[in-house]
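Visitor: Sequence:
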Amino acid sequence: MKPGSGESPRAPGSSRAAAHPSAIDLASDALRDLREVAEACARLGGSILVAAREEGPGEIREKARNDFVTEVDAASEHAIAEFLRERHPGHALLAEEAAGEAASYQARPLFVP
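Residue numbers (my numbering): 1 to 113.
Errors might be hidden in some of the hints.
Unchecked claim - What follows is a list of derived Cβ distance ranges for each label pair:
#	residue 1	residue 2	range
1	58	32	34 to 42 angstroms
2	28	55	37 to 45 angstroms
3	31	96	20 to 28 angstroms
4	83	29	18 to 26 angstroms
5	85	47	16 to 24 angstroms
6	65	44	29 to 37 angstroms
7	40	96	14 to 22 angstroms
8	29	50	28 to 36 angstroms
9	91	67	25 to 33 angstroms
10	62	27	40 to 48 angstroms
11	65	27	39 to 47 angstroms
12	55	27	36 to 44 angstroms
13	66	91	26 to 34 angstroms
14	83	54	18 to 26 angstroms
Hints in this document: simulated from the structure, not taken from any laboratory.
Every residue, glycine too, gets a C-beta built ideally from N, C-alpha and C.
Make the full structure from the sequences, and use the hints.
Guide: Written out as structure tokens, the structure reads:
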């Protein structure tokens, strides 16, 4: 590293090796899949919420003091959870309205409709 060159210091003997192209492709594929799943969840949940604008929120219940949930919120969350369980059956879900699952899973998407 030359002083003033803007390079970051490195440990002696280390080098910057480029990631193997197939590893980059795998990571890109995994990220693309996650993005597509997230977009599908947003569309699914959103379609339920948009439909409810005309019909209203349905039943509103108080979960705790000043903490409310509507029937539509729960329906949207349920639809997203079912979609995720079908698409990724080994993943745990953490959602606002539903009770949590066992924490023994590695992946845990978080969504709030």
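Visitor: Now tell me if each hint is right for this structure.
Guide: So, going through the hints one by one against the coordinates:
| no. | hint | result |
| --- | --- | --- |
| 1 | 58 - 32: 34 to 42 angstroms | 35 angstroms, holds |
| 2 | 28 - 55: 37 to 45 angstroms | 41 angstroms, holds |
| 3 | 31 - 96: 20 to 28 angstroms | 25 angstroms, holds |
| 4 | 83 - 29: 18 to 26 angstroms | 20 angstroms, holds |
| 5 | 85 - 47: 16 to 24 angstroms | 18 angstroms, holds |
| 6 | 65 - 44: 29 to 37 angstroms | 31 angstroms, holds |
| 7 | 40 - 96: 14 to 22 angstroms | 19 angstroms, holds |
| 8 | 29 - 50: 28 to 36 angstroms | 31 angstroms, holds |
| 9 | 91 - 67: 25 to 33 angstroms | 26 angstroms, holds |
| 10 | 62 - 27: 40 to 48 angstroms | 44 angstroms, holds |
| 11 | 65 - 27: 39 to 47 angstroms | 45 angstroms, holds |
| 12 | 55 - 27: 36 to 44 angstroms | 42 angstroms, holds |
| 13 | 66 - 91: 26 to 34 angstroms | 32 angstroms, holds |
| 14 | 83 - 54: 18 to 26 angstroms | 23 angstroms, holds |
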